[in-house]
Amino acid sequence: MKLLYIYTFTALTLVLGVSCKKYLDVTPANVGTIDYAFRNRNEAENYLFTCYATLQRLFQVQYDPAFCTSAEIYFPNNLTDNQYIDPVGFNLIRGNQTSSNPGLNFWDGANQGQPMFVAIRRCNTMLENMDKPVDISPEEKKRWIAEVKFLKAYYHFVLFRLYGPIPVTDKNLPINSSIEEVRVKRQPVDTVVNYMVNLLNQAAPDLPLTVSNQVKDLGRITKPIALSVKAQILATAASPLFNGNPDYTDIQNKDGQRLFPNKFEPGKWDRAATAIKEAIDVCEANGNRLHKFIAPANISKLSDSLRTELDIQTAITEKWELNTEIIWALNPYFGAQTNSGPRLTAKAAANPAFQGTFAVPLAEQELFYTHHGVPINEDKTWDFNKRYELRTGDYANRFYLQNGYQTVKAHFNREPRFYADLAFDGSIWFGNGLVNQEALYSVQARGSSSFAGPTDNIRINVTGCWPKKLVNYLTVYDDGYTLEPFRLPVIRLAGLYLLYAEALNEQGKSYNEVVPWLDKVRARAGVPGVVSAWSNYSSNPSKFANQSGLRQIIHQESRIELAFECQPGWDLRRWKELQAVLSEPIKGWNIYEPAASNYYRVKTLAIPVFNVKDYLWPIQDNDLIVNPNLVQNLNW
Amino acid sequence: MYKFFTAMTCTPSGYTKKFLFSMKITALLFFVTLMQASASVYSQQITYQKKNVSLENLFTEIYKQTGYSIVWSPGMVKNSPKIDAKFNNTPLKEVLKQALVNSPLTFTIGNNSVIITRKPNTTATTPTVEAPADDIKVTGTVKDSKGNALPAVNVSVVGNAKQGTVTDSRGNFALTVKDGAALKISIVGYVSQTVKVTAKNSALQVTLLEDVKQVDDIVITAYGKKERKEAIVGSVTTVKPGALKIPASNLTNALAGQVAGVIAYTPSGQPGQDNAKFFIRGVTTFGYKQDPLILIDNVELTASDLARLNVDDIESFSVLKDASATALYGARGGNGVILVKTKEGKAGAAQINFRIENSVSQSVKTLEIADPITYMKLFNEATRTRYPLNPLPYSQNKIINTEQTLAHAPGSNEYVYPAVNWMDMLFKKRTNTQRGNLSIQGGGGVARYYVAGSYSNDNGILRTDIRNNNNNNVNFRNYQLRSNVNINLTDKTELVVRLSGTFNDYNGPLTSDGSLQTQLYNLATHTSPVDFPAYYPADSANIHTQHILFGNSPASAGSNDGASQYVNPYAELLKGHQQYSESRMLAQLELNQNLKFIAPGLNFHGIMSTNRYSFFKSYQSYSPFYYTATNYNQTTNTYQLQWINNLPTGNNVAREYLQYYPQDSNNSTFLYLQGVLDYNHTFGVNHGVSAALIGTRQQTLNSSVNGNNNTTLFTSLPYRNQTLAGRATYSYKSKYYLEFNFGYNGSERFSEQHRLGFFPTIGGSWILSGEKFWGDLYDVFNRFKLRASYGLVGNDAISDRRFFYLSDVNLNGGNPASFGTSNGYTRNGVFINNYENNDVTWETSKQTNLGLEFTFLKKINVIAEVYQNNKYNILQKRASIPTTSGLESDIAANLGKVTSKGIDLSVDGRENIGNDLFIGLRGNLTYSTNKYIQYEEPNYKEGYRQQVGQPLNRQYGYIAERLFVDDKEAANSPTQIFSNNGFAPKGGDIKYRDLNNDGKIDAADQTYIGNPTIPQVVYGFGISATYNNFDLSGFFQGQGGVSFFINPATTAPFIKSPESQYTGNTQLLKAYADDHWSEDNQNLYALYPRLGTNGAIIENNRQNSTWWLRDGSFLRLKSLEFGYTLPKQWAKRILVRNARLYFNGLNLYTWSPFKLWDPELGGNGFSYPIQKVFNIGLNINI
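Protein chains in written order, with our numbering: chain A, 39 to 674; chain B, 837 to 2018.
Just so you know, the hints here were simulated from the structure itself, not pulled from any lab data.
Cβ coordinates follow ideal geometry from the N, Cα and C atoms, glycine included.
Fair warning: there could be bad hints in the mix.
The calculated lysine-lysine pairs, modelled on DSS-like cross-linking and capped at a C-alpha distance of 30 Å, are [claimed, not checked]:
no., chain 1, residue 1, chain 2, residue 2
1, B, K1213, A, K641
2, B, K1804, A, K651
3, A, K223, B, K1836
4, A, K385, B, K1234
5, B, K973, B, K1036
6, A, K292, B, K1822
7, B, K1234, A, K209
8, A, K614, B, K1836
9, A, K641, B, K1822
10, B, K1737, B, K1062
11, B, K1804, A, K641
12, B, K1713, A, K223
Counterexamples of contact, computed for chain B against chain A with all Cβ distances above 10 Å [unchecked claim]:
no., residue
13, K1014
14, D1015
15, A1039
16, N1257
17, V1333
18, D1375
19, T1446
20, R1448
21, N1467
22, R1491
23, Y1497
24, G1600
25, T1684
26, E1724
27, L1868
28, F1881
To give a feel for the contact side, a few chain B residues facing chain A, derived at Cβ under 8 Å [unchecked claim]:
no., residue
29, W1479
30, L1549
31, E1584
32, S1587
33, R1591
34, N1651
35, G1656
36, N1664
37, Y1776
38, N1816
39, G1818
40, G1877
Make the full structure from the sequences, and use the hints.
In structure tokens form, the structure reads like this:
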């Protein structure tokens, strides 16, 4: 019987299992947790790239708030569904921004906005753990820390430009933080600016002047980039939007803390000017200069006008490693060439892959100067009122306009940047496989049966004007297409020059000090210097001599030089000029008409809506409910 | 007793697993040997001497001594006389016979049980022991009411236990008895009969009636335990397998309305993809797993395995609904349990059952689509009404010429001016399905077997084209093999071996998203009828072309491959097919051991089961050649074909030959071990005690997750559960029952402090009809029982994320960056999938169940139950963490609470009218309602936005008032722009109610609308009748308290579907064409608002709102069956025991307030329709 009990016990053991706990502990000891991301240099580099990842995702212009909302580009909103571009950004100027579901929401990372706070958290995680990799050299460690600090500052800057006062996230909150701790507050503008500048000051000394191994590392942050961004931050803080903007003086946190400076401080421009000059000096010392086109062997003859056009175009489209002007570009290639170019050939028209939907409104076209380098409504020699009258292209203008093709007077006698940056009905297109200057393509855009005209509700340019600047002249679009990639600059030297001119003028410096910085840029663009242009041709010849007149000149110069490069949108906001720009209706040509006389009738496409509140982005309503410590921006 | 409990603790671990495993095997072998050796202890003889003993006490004693459980109801023995027991090693049969001799009762000895029943009225008189008489030879045949011969029927001689026999496979028996002896003819499941035989009456024809009550008296509960219905305190519904027999190859389709307590509906009719969704007592959680645990022969399997199960192989089907019933499955039982047991062999000569069916199926309802001319005219109208200045899409010339095409006018050209009916192009009206199965069972004293095989061949309704080089139609074949063998190693040791395999082969059209759910309906409804023909006939230039010249339009935007603009549905249908093979092999070994030698009433059941699942899929396809007609010359009626996708390289290269694309594969293994110690004992006369102790372990290993090759380290780790469960019951006088259950469960998903969960339940029942005070009520309610249970059940399947307690970091993927002159240096980056969180724990439900069972007038059985189920600790995403925290993955916590309540009701009854007509009625009703009690959500100002207090699955949207009268009214109303891409509404667009009166319609004006999208009421009722050889049955099924939404985004005409794989313009539903707002017909309540040509412009009308809300309730004639059983003489002539020919139909007629498509599809009207089936079948028993 005893034996029986033993057997029974054995059986019960069988039934009930031997080891309860061991059986359920299925996870191996060394599964990949966050600690493993910093075990060695190799893993840590991977995480460094993750800190960069959000930055590189900012490359798409169609989701860039400055590109979409500056009225430089108009995008139709009646396209057939499921196209490759979500028009959410472009639609904001129609007054469609809402606080219940904001478009281009970089706060939450929704509606085509990138999640900036996630990016900042990653940077903080990297900084917290940089002591862990054992096999990293002290120099490299310093550089990486500096890069991550730059990124952290830049991600704050992205939010700052959109939202103004933001919560500064210097340290990550632990996962198990209490509800009270995660309910952060917005910080005042000056605090945010000083925080970003401070981070960049910490980062700059440890960053390299140039990337030594360009094949592998081009695009990593350098000292010139950090200094240029610092210059931009300080200029933004000194600008009217943030520097004593009376609209915002009442915005305060729930505890009564004021979020915007309540009075203008001129010293902010001094600080900005110093920073811009430092950036320019470092860049120039590092070999940066304005780009000039160097013709490849297959281009034998090149007229001056076309050479200037290529100087202007290739300042953008030249490869970064060959382009001396670019201070910073994002690594991903520009992604919207097919939206920016017209169909030039019969084969392209039969195989309409280029949508060409980025339409330049008439007002943007008319921003460009006359060939004398003054605004078209100021040029005494240019008949502004008769500009929509028809005129036929002639031999003298054959490098710009198709000889013998009927177009309008407005297309004649414009500055080279007009022809370099824009493509329109009758304009000559250097490139697309043709480089013989006497036999180039021209744009045929009148009516649905023309090559570049509207094909359907997908392949349509509603104003009849394309941002040619955003298409590489080497890109070929015929029966297929071969894109020649390029990187759209984030900061280039011309932009710093113009920013410096602006800062000097705002400091109240004499035009003698200011104008040379403008003229550097104008010279490359093939227009005479400010003083001679205005003195000789302008109906307001002394405009440059006073601060406000020169401010207008600087602002227009910046908008022309940096058109379609995402910068003018930010500038118009910080100048508080966007509202004026968007008070004009969006106009274009009458694109469905095949006859020139009907085509060149100005058609109003849309009336933008822009109120004071639109200078800053709304924080999503839901965020305010979740975090009662957050306050909303003005009027949202 | 307590030695078992003390033995329950875990012994220290310290051995390797391998060693343990071999230990277990050794132990098992020892155990078996031991049992054989001790078999002699067992006896069927009873020694008991006591005067004036009641039947109850005697039965208790019998049970103690033999282990035979006695099945009887207290009502039976109420008035039985007491007896004097004088048994000394008397055989059981003899004991019973003597005991019942003066009572109106009789008995049947079954497999380890004795069933006490009333004697048929005809023989209620007390038989007296006859004086010795002459021997006569009696022969006879025993059949059931349908005329089927009954094998293995006991034929015993009353008063002479030594005599007796069983019927053979044809139901025949022969016996030599004394003249005038009474023969008792009995078998479990039928009402026994006693027949007096005389020399004159020696050739008997006995027809046994099925004993409904008796079959129902046995209920299968957790871990396959057979319990008497009277003793059940939990909520268990048993379904007769026959009720699940429908002419479809999917068992789950039969659940709706057949099982009280199950909410079920079928959202698609595609063969192989037509599993019903089913929830026990409705959806009770918003957590990850909402559907029940499915156990087939005690082993956890999937809904698909249940779907494929052959009804003829099912012995019992139970649904465990409340905490008391499911507690033993603590870890998994929170959403209820479906328990299926397959048949085992019965002793006797081989019986063959053979069934063959052929069905014809067609769509219950087809979508009505407007004709091409209306399509074009209204497309023009849509353009004109929205963009008056834009060119019209269809010229008058095109419309006139298309009219000519439709009229087949001379000179018309159907290729240049196509008018394609894509539905007809792609789908046949009807298709065929074949099913057959065969089972053989039998056996003798040592072993019994049940072997079954089945085959079904389901065809889809897609068209094929003989010019094509591959077969694209849906074809779903299922093969099954099942063998259950029971071996009596000794009288007390039974070994059961179950081997089964299920094999599915699928062939079907390609799908772009890797699913098997065909998109062809969506393609057909999202392709313009007039833009291109399905294909062109070869023109002179293409006379030698071998491929089909598919039609299309050139070029799609933004692509570089010279591609076609649209998807040609016909090309999509023909260009290729996908195939998958799926198999599951299951091997299961069970050991049932009577441990009477340790303690009477102690039994052991052990199971070791494993199954291996394998799945692989492949695509084969060619790349269609697309053409467009150009240079049409109307006078000569000629055109030229231009090849569109003519590029030699790229993504869209045309190829005539088939290419092969390997797809995902999935393999998994499953291992299950179970041991149950079961103890039953009756102390004294009145105190019944039983206890069980259960230990299980199970492990699943997957090679991939859901068939996708996105296996990670975490998903490759074994999924494990370990359970120690126990049950203790106590009954007093067979009137009062008390039951305690617990599950002590371990799951690998949780951190150490939460790894084990303890889930106790308690329940009790009271049989009122057994009380003295019931008195005369007994004649009205001869059974009346109340029961109640209360307890906890857990659920560890709380998320698709596996280990919340570990941070899960993808160290090589997620957030890449690239650097270098040509971006040549890329690192894939790091992504945090999960932040470490040790607090995540079990989802638990606290369940209360009250049940009432009674039998009314001995004919109508009613079971009514009410319940409340409080789920708490439901895992949900934290809503209180602001985005400023910068977390890249959600943090979850056990925060949610949901309470659900409901009623389950089932009624059945039967009646014989005269001798030939027999009528049965049954009905089921399930009502289930629920609501959020706790849910973390933003603290909205507007109370109507709060989720708390709302039922689960209730949709959120706007309240539509009507359409705007005109543009002016729209402009002066509160603004309604729903996204940055939206447009302000105009006249004829939907006007929404400004709930918070803030002058704008935005997210804050949404509230909860309609009924939940999962039915709250599912019911079914049916009638069956038998008259002579004919039988007829019909079953109705319905659902109610359910809403669905017409999807305005996918049904909006002329607009591309938001699902980017459908590139064509959506077709125009006829209903929309007939009833929409237009300038000419400004109906403010039109079915469809103002037309539009792109998604943005009608975004206002695409919002989820009451405008699109529809009542999803319906009632349908689910099945109707007419059968004819061959008369016995005829059957005999063709050498079969029984043959039945039947015709039946499925989903024959539907009553519903919604007319556009079948309401059971819900908002998903453009998917494979539910099928109406007409079936002919033949069932033969040999």
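Decide if the proposed pair is consistent with the structure: K223/A and K1836/B, CA atoms, cutoff 30 Å inclusive. OK: K223/A and K1836/B at ~28 Å, within 30 Å.
Pair hint K1737/B and K1062/B, alpha-carbon separation not exceeding 30 Å: 28 Å, holds
If you take the shortest Cβ to Cβ gap from G1818/B to chain A, is it below 8 Å? 7 Å, holds
Is the straight-line distance between the alpha-carbon of K1213/B and that of K641/A 30 Å or less? Distance ~28 Å between K1213/B and K641/A Cα, so the pair holds.
Can we keep the W1479/B interface hint, with Cβ of chain A closer than 8 Å? Violated - the Cβ of W1479/B stays beyond 8 Å from chain A, reaching only about 12 Å at its closest.
Does G1600/B clear chain A by more than 10 Å, comparing its Cβ with all Cβ atoms of that chain? With a cut-off of 10 Å, G1600/B remains clear of chain A, as the shortest Cβ separation is near 28 Å.
Between the alpha carbons of K385/A and K1234/B, is the straight-line distance 30 Å or under? 26 Å, holds
For a C-alpha distance cap of 30 Å, please report whether K1713/B and K223/A respect it. Given that 30 Å is the threshold and the Cα spacing comes to 23 Å, the pair holds.
Would you assess whether T1446/B, listed as outside the interface, keeps its beta-carbon beyond 10 Å of every beta-carbon in chain A? 16 Å, holds
Is the Cβ of E1724/B more than 10 Å away from each Cβ in chain A? 5 Å, violated
Closest C-beta approach of N1816/B to chain A relative to 8 Å, hint status: The hint holds - N1816/B has a Cβ within 8 Å of chain A, the shortest such distance being about 3 Å.
Have a go at the S1587/B hint: is there a Cβ in chain A nearer than 8 Å to its own Cβ? 10 Å, violated
The structure is inconsistent with the numbered hints 6, 7, 26, 29, 32, 40, although it conforms to all the rest.
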